[in-house]
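Protein chains in written order, with the numbering used here: chain U, 3 to 169; chain E, 81 to 580.
Hints listed in this document are in silico derivations from the structure and should not be mistaken for laboratory results. All values reported here derive from a predicted model rather than from experimental measurement. Where hints are given, some of them may not hold.
[Stated by the list, open to error] List of simulated lysine-lysine pairs, PhoX-like, C-alpha gap at most 20 angstroms:
| # | chain 1 | residue 1 | chain 2 | residue 2 |
| --- | --- | --- | --- | --- |
| 1 | E | K509 | U | K88 |
| 2 | E | K508 | U | K82 |
| 3 | U | K82 | E | K509 |
| 4 | U | K88 | E | K508 |
| 5 | E | K243 | E | K509 |
[As the list claims (entries may be wrong)] Derived list of chain E stretches under chain U, where covered just means 3 residues or more per stretch with a C-beta under 8 angstroms from a C-beta of chain U:
| # | stretch |
| --- | --- |
| 6 | 120-134 |
| 7 | 252-262 |
| 8 | 460-474 |
| 9 | 477-484 |
| 10 | 488-495 |
| 11 | 506-513 |
| 12 | 531-540 |
The beta carbon of each residue, even a glycine, is placed where N, CA and C say it ideally should be.
Each chain, written out:
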Amino acid sequence: MSESSHGDGYGPRHRQVEIGVAAATAVFGAVVMAGSLQVGITWAVEGPRAGFFPFYVGLLILAASGVNAMRAMRTIAPGKLFASWKQLRSVASVVVPTAVYVLLLPHAGIYLSSALLIAVFMIWLGRYAWRMTLAVSVGMPFVTYFLFERWFLIPLPKGPIENMLGL
Amino acid sequence: MEEISNLMHGFGVVIQPFNLLVMVIGIVLGVLIGVLPGLGGANGVAILLPLTFSMPPTSAIIMLSCIYWGALFGGAITSILFNIPGEPWSVATTFDGHPMAQQGRAGEALTAAFTSSFVGALFAVIVITLVAPLVAKFALQFGPAEKFSVFFLAFCSFVGMGKEPPFKTLVAMMMGFALAAVGLDTVTGQLRLTFGFTELLGGFDFLIAVIGLFGIGEILLTMEEGLSFKGRAAGINGKVVLQTWMELPRYWATSLRSCLIGCWMGITPAGATPASFMSYGIAKRLSPKGRKFGTGKIEGVIAPETAAHAAGTSALLPMLSLGVPGSPTAAVLLGGLLIWGLQPGPLLFVEQTEFVWGLIASMYVGNVVGLIVVLTMVPFFAAILRIPFSIIAPIILVVCAIGAYTVHNSAFDVVLMLVFGVIGYVMKKCNYPMAPMVLAIVLGDKAEEAFRQSLLGSGGSLGIFWSNGLVGSIMTIGLVALLWPLIERIWGGMRARAAS
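Next comes chain U alone, as it looks inside the complex (with noise of 0.2 angstroms):
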């Protein structure tokens, strides 16, 4: 298969992205059969230790990674691409902002973080004029502290506002 088949612009290969993945999975199986080996696979007085059956797991992970890796070689055609550098741009879009909102948080509270998140996206992404913003990315936050903290009656984080709103 030609690259130029898939028209749609450039980006990571299918196959790299594959091997890769199954490369990350081979890691976690033998990191989870490293640890498994520090607390002991044998078996003891009580019958098999706490690594008994997690070590099987990791060698399961670790065999059955390096079939998909070798399948990802032997069936997925050089060319074929995981996904356009323009769809991993929107991808990428919703994740660093989302990154950045679970970061702060802990330090913000979750009212603020939460309408700072919805204004980045209205605006940003979807071009709003900030009258609309500022009502829905306002507004969501109010929603929710009635619902979860008045009505359920479940703390959510809060953050230096809330604190000196006195909430």
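Assemble the complex: chain U is given as a structure, and chain E must be docked to it using the hints.
Chain E alone, transformed into the frame defined by chain U:
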């Protein structure tokens, strides 16, 4: 006849005003979840699980199971009107459902889809009512070896029967087992696989995995596809509904066949998605109009919807009677049971009669309520889909984050959720199945415990798994299921050689 009186008692519990209210709320939330991309049955239930902590268990399970029915109904709306399956099991519904909508027959297609869903679910609930108590009674005599054999069969069916490559299923499943093993070893009380990180002491909670893999992962996929909704108007009114209902009995054979396929695929944990495809495929092959499938034939809507709903519902049978969930959503419900202090499995039928029969009764009532809700509220749900993705996506992200946080009140879980989300995206793109991974995280400890206890009893010999007829045959069926792709290939090769 004890079951009948128990069931009647269950109905008494369900039709209390509070429980009916909870039911309607659950159904509406469920349809909403089913309609929105990125929120599905499994992670919808996972996110809303903390809301039920303060409720009595029976009301809680009614709400959660109704969210599930709602999600099953909701998937059909987007498939038919927008040609976008809201749920994986409604992919097959788009084949004929969307062409019908394009021809201006959206009302007919929706009525057929909802009614078929209802029929499939009803059939499965009747099966549960009749079969589950028997299975539970039988399973009460299970020792550790039998218990392990049931887990073994469930997991082997994933490898052999799944549509993903077997070795990828194996990797995904074993990763689930490994994640389940992190933290405290339930048998010896020893810490393992934590590598000194205090965050890992408690292990991985599968609810976080579900919210990340299914919720965040799905949003990332939707983002990549650059989704834009171009929907058809939803013209549904009483006349169309009645006309369609008059027409439906003609397809009773398709319906019955789909019910059976659905129940079978739901109980053995193949799940609703393969059930809907299989049912569609068989209907296409057997129907006299089979060649015209894909151009807007009503049978092409009936078959997948009936099977998907029958499978989705019957997945609760092994969860209730054996403690082995048949689908990720059933696994989340099982997690809920554990949180409310109920031990899923055969003893549930003995010790928590009111709870079990309340749940079963709520399946009957919930599906009737669900049918009424979806038939009357389709335009409202369709309107929600017209909200642009750039508003819906961050709101879903926030809801997922809140759901992940509230499981243990831990901000680290929210970080984990995002990590699982990215993993879920890559796994989905590379065709690794997520359901077995989630099920392995849920059941890992129990399966391991049963395995180790069996080995303790036998002094380490694997012979214990073939020590009597019952456990031996379950294990053997499991092995056949595991090696099925290989068996099929050898069989095909032999036939080809015989033919030449």
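For the stretch 120-134 of chain E, does the count of residues with a C-beta closer than 8 angstroms to a C-beta of chain U reach 3? holds (count 4)
Within the stretch 460-474 of chain E, is the number of residues with a Cβ closer than 8 angstroms to a Cβ of chain U three or more? Answer holds; 5 residues pass the 8 angstroms Cβ test.
Within the assertion that chain U covers the stretch 488-495 of chain E, do at least three residues meet a Cβ-to-Cβ distance smaller than 8 angstroms? Holds: 4 residues of the stretch 488-495 of chain E have a Cβ under 8 angstroms from chain U.
Can you confirm whether the C-alpha distance between E:K243 and E:K509 stays at or below 20 angstroms? holds, 14 angstroms
Under 8 angstroms between beta-carbons, do enough residues of the stretch 477-484 of chain E, three at least, approach chain U for the coverage claim to hold? holds (count 4)
Chain U over the stretch 531-540 of chain E, status - at least 3 residues with CB closer than 8 angstroms: holds (count 5)
Between the stretch 252-262 of chain E and chain U, see if three or more residues pass the 8 angstroms beta-carbon test, and mark the coverage as holds or violated. Coverage by chain U holds for the stretch 252-262 of chain E (5 residues, Cβ < 8 angstroms).
Quick one: see if chain U covers the stretch 506-513 of chain E, three-plus residues with Cβ-Cβ under 8 angstroms. holds (count 5)
Between the alpha carbons of E:K508 and U:K82, is the straight-line distance 20 angstroms or under? Since the Cα atoms of E:K508 and U:K82 sit roughly 16 angstroms apart, the hinted pair holds (cutoff 20 angstroms).
Proposed proximity, U:K88 with E:K509 (alpha carbon, max 20 angstroms): holds, 16 angstroms
Does E:K509 sit within 20 angstroms of U:K82, going by the straight-line distance between their CA atoms? This hinted pair holds, its Cα atoms lying about 13 angstroms apart.
Check the hint pairing U:K88 with E:K508 against an upper bound of 20 angstroms on the C-alpha distance. holds, 19 angstroms
In summary, this structure violates none of the numbered hints.
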